[in-house]
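J.: Fit chain C to the supplied structure of chain L, relying on the hints for placement.
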Amino acid sequence: MEENLSPLFHALADPNRLRIIELLRQEDLTVGAIAERLDISQPQTSKQLRVLYDAGLVSVTIEANRRRYALNRHALAPLDVWRSRLEAETARLDRLEEFLKHSKREGTS
Amino acid sequence: METLKSYVEGNTLVVERSFNAPRALVFEAFSTPAHLEAWWGPAGWKTEVRTFEFEPGGTWHYCMTCVDKEQGDYYGMESWGKSTFLEIDPHRKIVYTDAFSDADGHVNPELPVMTITNEFVDIPNGTLFISRSEFTDAESLQQVVDMGAVEGFASQLERLDAIVSR
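Going down the list, the protein sequences come from chains L and C.
Letter by letter, the first sequence follows residues 1 to 109 of the numbering used here.
Letter by letter, the second sequence follows residues 1001 to 1166 of the numbering used here.
Bound conformation, chain C alone:
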């Protein structure tokens, strides 16, 4: 049940994954703050949900804090995110924007905003989850690189090879 498929369509990254769990449960993992806090943040990071208004136009404001001393410079770092829900079809679909923000919930206008569309589909013995991450324009991709949010290309060719040949 761990099928993972990923591909790029234009400016959209699509990731598909099947889970051996009922659709309602997978959906709840995305729509219940306590559940999100349990799995959302990266390993070694604690996620705290500040606001969670699960309705179209509602906001989801959260903070991820690095609590792992092994992560060196990242230890103690806070990363705030703010999302706005655009569309909710219970147990089927969630569309939201994903932006960088500060602790007060002010979205940083300098940084790109992504639109995420998550779909939940019944399959035999479980749920197919399809996530589409769309950048508004190619320029914003460059901004993400310039701000140092991702590693440089330098030593990544092997991994890249693995990605493109998937």
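Pulled out of the complex, with its shape left as it was, chain L reads as follows:
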């Protein structure tokens, strides 16, 4: 698993790349099939797939000259943890904020 998560977050910070992941969640696809469904050019699709590949998010198999891409679900695990953690932390700080408001009112009255 990738030790540094920054490339992973970078790879996901793009709408087309998120759409590619969404497609690959359902089935493995060739570059051509992805390009067609997203209505973007093949070179553009290849470029985005390269970023996802470098971040460890997708793997590729070559069949009869065609590159078929698959999602590495395992690579997404850290994101689940971070997202969950961030949501929990955000909610907790919301509660702290409420608590602090309440404490100040009590302190000043």
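Among the hints, erroneous ones may be present.
Said to hold, decoys possible - Below 30 Å or equal to it, Euclidean Cα-Cα: the simulated DSS-like pairs (lysine-lysine) are:
#1 1046/C - 1093/C
#2 1046/C - 1069/C
#3 1093/C - 101/L
#4 1005/C - 101/L
#5 1046/C - 101/L
#6 47/L - 1093/C
#7 1069/C - 101/L
#8 104/L - 1005/C
#9 1005/C - 1093/C
#10 1046/C - 1005/C
#11 104/L - 1046/C
Hints are computed from structural coordinates only; laboratory data are not their basis.
Given the structure is predicted, the values throughout are model-derived calculations rather than measurements.
T.: Just chain C now, kept in the frame of chain L:
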């Protein structure tokens, strides 16, 4: 005053937030058991502090219990946590480990331990709070997922998009 910034640095999640409250008060919210019980646990969960030794090497053992019937399967569930304070700089900084434990305070060695560094900084009209949550290694992230402590990725892309574009 509700600025919230979050980002990932390597294996560390950083969350920044400013509060319209004096630094001493924000610090006390983290260092007084009665205060922690008031706000620590998730909505619908009651937090009970069992031990709280606020000194380096001291432990903080607590239980969160779901008291909200609306939460279905979670209702009545207990979740025990045990923290060990590593460093305390009054009104400025608290460093501690955060682990899963049982009611007797035994830390589950199978599950990952996080190191949390909380810093409290004066800003005009309030306090900037900076929290860094660090997992010891990437493998432990996988363990957290495997134990089902977080939702799967399935329907989360939109929220993820919101997070990464923040």
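J.: Are the hints correct? Go through all of them and say.
T.: Against the structure, the hints:
{"no.": "1", "hint": "1046/C - 1093/C", "verdict": "holds, 26 Å"}
{"no.": "2", "hint": "1046/C - 1069/C", "verdict": "holds, 13 Å"}
{"no.": "3", "hint": "1093/C - 101/L", "verdict": "holds, 22 Å"}
{"no.": "4", "hint": "1005/C - 101/L", "verdict": "holds, 21 Å"}
{"no.": "5", "hint": "1046/C - 101/L", "verdict": "holds, 20 Å"}
{"no.": "6", "hint": "47/L - 1093/C", "verdict": "violated, 44 Å"}
{"no.": "7", "hint": "1069/C - 101/L", "verdict": "holds, 28 Å"}
{"no.": "8", "hint": "104/L - 1005/C", "verdict": "holds, 24 Å"}
{"no.": "9", "hint": "1005/C - 1093/C", "verdict": "holds, 19 Å"}
{"no.": "10", "hint": "1046/C - 1005/C", "verdict": "holds, 28 Å"}
{"no.": "11", "hint": "104/L - 1046/C", "verdict": "holds, 22 Å"}
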